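Trainee: Listed below, chain by chain, are the residues.
There are 2 protein chains.
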Amino acid sequence: MKQGRYEICLSGSGGQGIILAALVLAEAAGILEGMEVCQSQSYGPEARGGASKADVIISDEPIDYPKVLQPDLLLSMNQEACDTYFQYLKPEGLLVVDSSLVHQIPTNRVVAIPFTQIARKDLGKEGVANMVALGAVGVLSQIISPQSLEDALIRRAPKGSEDINRRALHAGIKEAQAINLKELPPFITSEEEEL
Amino acid sequence: MKQGRYEICLSGSGGQGIILAALVLAEAAGILEGMEVCQSQSYGPEARGGASKADVIISDEPIDYPKVLQPDLLLSMNQEACDTYFQYLKPEGLLVVDSSLVHQIPTNRVVAIPFTQIARKDLGKEGVANMVALGAVGVLSQIISPQSLEDALIRRAPKGSEDINRRALHAGIKEAQAINLKELPPFITSEEEEL
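For the record, the sequence lines run as chains A and B.
Anchor point for the first sequence: position 141 equals 177 in our numbering, and the numbering is continuous, going up by one each time.
Anchor point for the second sequence: position 128 equals 164 in our numbering, and the numbering is continuous, going up by one each time.
Please keep in mind that the hints were generated in silico from the structure rather than gathered at the bench.
Possibly wrong hints are sitting among the right ones.
Facing chain A, according to a computed beta carbon distance under 8 Å, are these residues of chain B, among others [to be verified]:
| # | residue |
| --- | --- |
| 1 | Ile55 |
| 2 | Ala62 |
| 3 | Gly70 |
| 4 | Val73 |
| 5 | Cys74 |
| 6 | Ser78 |
| 7 | Ala83 |
| 8 | Pro98 |
| 9 | Pro102 |
| 10 | Tyr121 |
| 11 | Pro194 |
| 12 | Arg202 |
Values in this document were obtained by computation on a predicted structure and should not be read as measured data.
We put the CB at the ideal spot given by N, CA and C, even for glycine.
Can you make the complete structure from the sequences, with help from the hints?
Mentor: Structure below.
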C-alpha cells in the first residue's frame with residue numbers, strides 16, 4: 037500500500053447510504069487488509085438538514101488524529117456536498133462525483149461517473165448507488181483490493197441483498213478501472229485561480 | 037440534556053453488532069434529538085483478532101476532539117472487552133455488562149444485565165442482543181429518549197427485521213428502567229484499592 041496517511045471523505049445526502057459505504061470501506065482496509073483505519077461521522081446541524089458525511093482514514097501506522105483534515109479523495113454524491121467539501125480537498129487530491137446529480141464541477145481533476153443512473157438503469161435499484169460509488173472509490177484510492185471490498189460488503193449487506201450489492205460494487209469497479217488517472221491534471225487548482 | 041460532553045464506549049466481539057448499536061445511538065442523539073455527536077470506530081490489530089469497539093460522544097456544544105478519552109459509560113458485551121477497557125472508565129463512570137458473558141466484574145458500580153440470554157430466550161434471536169443492550173444504554177445514559185432510539189433503530193434496521201429489533205430495544209429499556217442508579221456506589225474504585 038501507499039505509505040503514510042490517506043484520507044477519504046464520502047459526502048452526500050441522508051438517504052444515499054454514505055455511512056454504510058464508509059463502514060464497508062473501513063472494514064475492507066482495516067479488518068481484511070490489515071491496515072490501520074479510523075472511520076467516523078459527526079452529526080450536527082448539517083445532518084439534521086439532511087446532509088451526510090463520513091470519514092475514513094487509512095494508514096500503515098497507528099493513527100494519531102482520527103478526523104479527516106484534508107481529504108486525498110473526496111466523493112460527493114450531490115451538488116451541495118460538492119460545494120461544501122471541495123474547499124478542503126488536498127491540492128493534489130482527487131474529486132469523485134456522481135455526475136447524475138453533480139453538474140457544476142469545480143475542478144478538472146475529477147472523476148465523474150453517473151453512480152445513481154447506473155444503479156437505477158443498469159441494476160434496477162437506485163438504492164445501490166452507494167455501492168457503485170464504493171467500487172469506484174476503492175479502485176481510485178489505489179490502496180484497497182476489489183476482493184477485500186467485496187468480502188467486506190458481503191459481511192455488512194442485509195441478508196438477501198448480497199447479489200445486487202455485489203453487482204453494484206463491480207459496476208463501480210469497472211467504471212473506475214476504465215479511467216486513466218495520469219491523464220488528469222495533477223492539481224485541483226482551477227484555471228481562474230491560476231491567472 | 038446534561039451539560040457538556042458525555043462519552044460512551046461500546047465494546048464486544050466482532051459478530052455482536054456493536055457498530056450498528058453505536059450508529060443507532062449516534063443518530064438518535066444527533067439527528068433526532070439535535071445534539072452534537074461524533075461516532076467512530078478504529079480498526080487495528082484488535083479488530084483483526086475479533087474484538088469490536090465503537091465510540092459515541094454526545095455534547096450540547098461542538099465537539100473538538102472526536103475520540104473517547106475517558107468513557108462516562110462503558111458497555112462490555114464480553115469478558116475480554118471488559119478487561120481491556122475498564123481501566124479507561126471515569127471514576128464516576130458507569131460500567132454496563134452483558135452478564136451472560138461477563139462473569140468477572142471489576143467494580144460494584146455496575147449494571148449487569150444478561151443481554152444475550154434475554155435475546156436468545158425471550159426474543160428467540162441471539163443476534164438482537166445488541167439492541168437489548170442499546171435500549172439499556174440509552175436509558176442509563178439519561179440523555180436520549182426511548183422514542184428517539186426507536187425511531188433511529190427503525191431507520192437503520194434491515195427491512196423485515198424492524199419488529200424483532202423494536203422488541204429487543206424495549207426489552208433492554210425495561211430492564212434498565214428497573215435499575216435505581218442512586219443505589220450504586222458513586223465511584224468505580226474497588227474495595228481492594230480503597231484499603
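Trainee: None of the hints should be skipped; say for each whether it holds.
Mentor: Hints and how they fare:
no.: 1; hint: Ile55; result: holds, 7 Å
no.: 2; hint: Ala62; result: holds, 6 Å
no.: 3; hint: Gly70; result: holds, 6 Å
no.: 4; hint: Val73; result: holds, 4 Å
no.: 5; hint: Cys74; result: holds, 5 Å
no.: 6; hint: Ser78; result: holds, 5 Å
no.: 7; hint: Ala83; result: holds, 5 Å
no.: 8; hint: Pro98; result: holds, 7 Å
no.: 9; hint: Pro102; result: holds, 5 Å
no.: 10; hint: Tyr121; result: violated, 17 Å
no.: 11; hint: Pro194; result: holds, 4 Å
no.: 12; hint: Arg202; result: violated, 17 Å
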